[in-house]
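Chain residues, written in single-letter form:
There are 2 protein chains.
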Amino acid sequence: MTRISPGKLYGVGVGPGDPELLTVKGVRLIQQAPVVAFPEGVQGKPGIAEQIVAPWLRAGQVKLPLSFPYVQAEEVLWAAWELAADQVQSCLQQGLDVVFVSEGDISFYSTFTYLAQTLQTRDPNVLIEAVPGIASPMAAAAVLGIPLTVRSQRLAILPALYAVADLETALQTSDVVVLMKVSSVYALVWQVLERYGLLHQSYIVERATQPSQVIYRDLSDRPQLDLPYFSLLIVYTNACKP
Amino acid sequence: MTRISPGKLYGVGVGPGDPELLTVKGVRLIQQAPVVAFPEGVQGKPGIAEQIVAPWLRAGQVKLPLSFPYVQAEEVLWAAWELAADQVQSCLQQGLDVVFVSEGDISFYSTFTYLAQTLQTRDPNVLIEAVPGIASPMAAAAVLGIPLTVRSQRLAILPALYAVADLETALQTSDVVVLMKVSSVYALVWQVLERYGLLHQSYIVERATQPSQVIYRDLSDRPQLDLPYFSLLIVYTNACKP
Numbered sequence: 002m003t004r005i006s007p008g009k010l011y012g013v014g015v016g017p018g019d020p021e022l023l024t025v026k027g028v029r030l031i032q033q034a035p036v037v038a039f040p041e042g043v044q045g046k047p048g049i050a051e052q053i054v055a056p057w058l059r060a061g062q063v064k065l066p067l068s069f070p071y072v073q074a075e076e077v078l079w080a081a082w083e084l085a086a087d088q089v090q091s092c093l094q095q096g097l098d099v100v101f102v103s104e105g106d107i108s109f110y111s112t113f114t115y116l117a118q119t120l121q122t123r124d125p126n127v128l129i130e131a132v133p134g135i136a137s138p139m140a141a142a143a144v145l146g147i148p149l150t151v152r153s154q155r156l157a158i159l160p161a162l163y164a165v166a167d168l169e170t171a172l173q174t175s176d177v178v179v180l181m182k183v184s185s186v187y188a189l190v191w192q193v194l195e196r197y198g199l200l201h202q203s204y205i206v207e208r209a210t211q212p213s214q215v216i217y218r219d220l221s222d223r224p225q226l227d228l229p230y231f232s233l234l235i236v237y238t239n240a241c242k243p
Numbered sequence: 002m003t004r005i006s007p008g009k010l011y012g013v014g015v016g017p018g019d020p021e022l023l024t025v026k027g028v029r030l031i032q033q034a035p036v037v038a039f040p041e042g043v044q045g046k047p048g049i050a051e052q053i054v055a056p057w058l059r060a061g062q063v064k065l066p067l068s069f070p071y072v073q074a075e076e077v078l079w080a081a082w083e084l085a086a087d088q089v090q091s092c093l094q095q096g097l098d099v100v101f102v103s104e105g106d107i108s109f110y111s112t113f114t115y116l117a118q119t120l121q122t123r124d125p126n127v128l129i130e131a132v133p134g135i136a137s138p139m140a141a142a143a144v145l146g147i148p149l150t151v152r153s154q155r156l157a158i159l160p161a162l163y164a165v166a167d168l169e170t171a172l173q174t175s176d177v178v179v180l181m182k183v184s185s186v187y188a189l190v191w192q193v194l195e196r197y198g199l200l201h202q203s204y205i206v207e208r209a210t211q212p213s214q215v216i217y218r219d220l221s222d223r224p225q226l227d228l229p230y231f232s233l234l235i236v237y238t239n240a241c242k243p
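Each protein sequence line maps, in turn, to chains P and H.
Take 2 as the starting number for the first sequence in my numbering and just add one per residue.
Take 2 as the starting number for the second sequence in my numbering and just add one per residue.
When chains are identical, the list treats them as one kind, so a pair holds in a single copy or across two.
Capping the alpha-carbon separation at 25 Å, the derived lysine to any residue pairs in SDA-like fashion look like this:
1. K9 to G146
2. K9 to I216
3. K64 to Q32
4. K182 to N239
No lab work stands behind these hints: they were computed from the structure.
Please build the complete structure, drawing on both the sequences and the hints.
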């Protein structure tokens, strides 16, 4: 019997939306891979990472959608990660390399972490390489045409708002604050920013670099906004605008 | 007389070091540009961004090194930005597009900000586009093979250490802390991390993805380190390792 040498799992961050914002390395790995995996979309629509890489795929590549449900329940998440790991592991054991793509950067609040850690728990020798991508705060600053940070500015990034105190601490101790997924808590965040007198220096970017991108500059007159999931808030807490 | 339509300035973040970590868009713009500008190197050596883009340049492109001195003195910095703006503006007025490249991301502690703002002050209608790049914290996490952030973790990024209190605040209020340029203050930072019992959960990456990359995991036995300028510290403040 010949022993097949196992495949390698690459995690590739594919950036915020514009397919040209993939790295050269990311495109090369995607095009070389026999199997391209991604978080499956919801309601029958293709997922975001799948849409971003679509222009780069070649005919004949296996597309492997993996289910990562948007829920909080630990046991549901664990079961999903185990199932995804089964599917990827099966490819690796057949000697096939797998490229898992996910939007933004691959180490920054990415689904890839759970997949990689589940596989490493099963087999510490599994071959895994992470390839960074453009993260959404950097993409948002670029489309706004203003710096995210300069010189000695301290940056705080909050993935979502679990407690108003976290936002207040960040506003008090940082020069720039990014709130990653602001849609569900926007009205509350607006009230905090109003209290701190920071609405003029606050920006929202929906789906940076995607065709449906929307930008709001100065939130003073916007106590309510109907925002999509991938909406990001940037607040400059200094008295001076950047 | 024919009026020449002015050129456009592109700021392209070229990532942490590996030339394959440029974006596809960045490479396209660099290769199309008649003029490629970059911060000039020190001591006669090519600058970092210049080295990163070298494999992508075409014959016949004008290379425009710009002087951005590593000093604190405001009047010296202002004079340098004005001179750099003169050089770029001269190209734009001749109808030539200019691509300014700088390491990492273009909106994240980047020299590009000063160049763009100086030009915008002179002429609010100047054409400028920022193209994001891979920022060093994301590159460092990728080469470490661990996530930078997961789930609800709060991230603080400090560009350098101006006051120990800033580091202590970040350690107390964030789950992950990145110190961008740690070389000059390392011994002091080590003492703070020892006091907080966080040395085991601290990592340093020198020159992520460059050929001379060095990684230190667990700083317990390293109260002194001789680090280069581009060294980055990541501290996971949670009790559990990521």
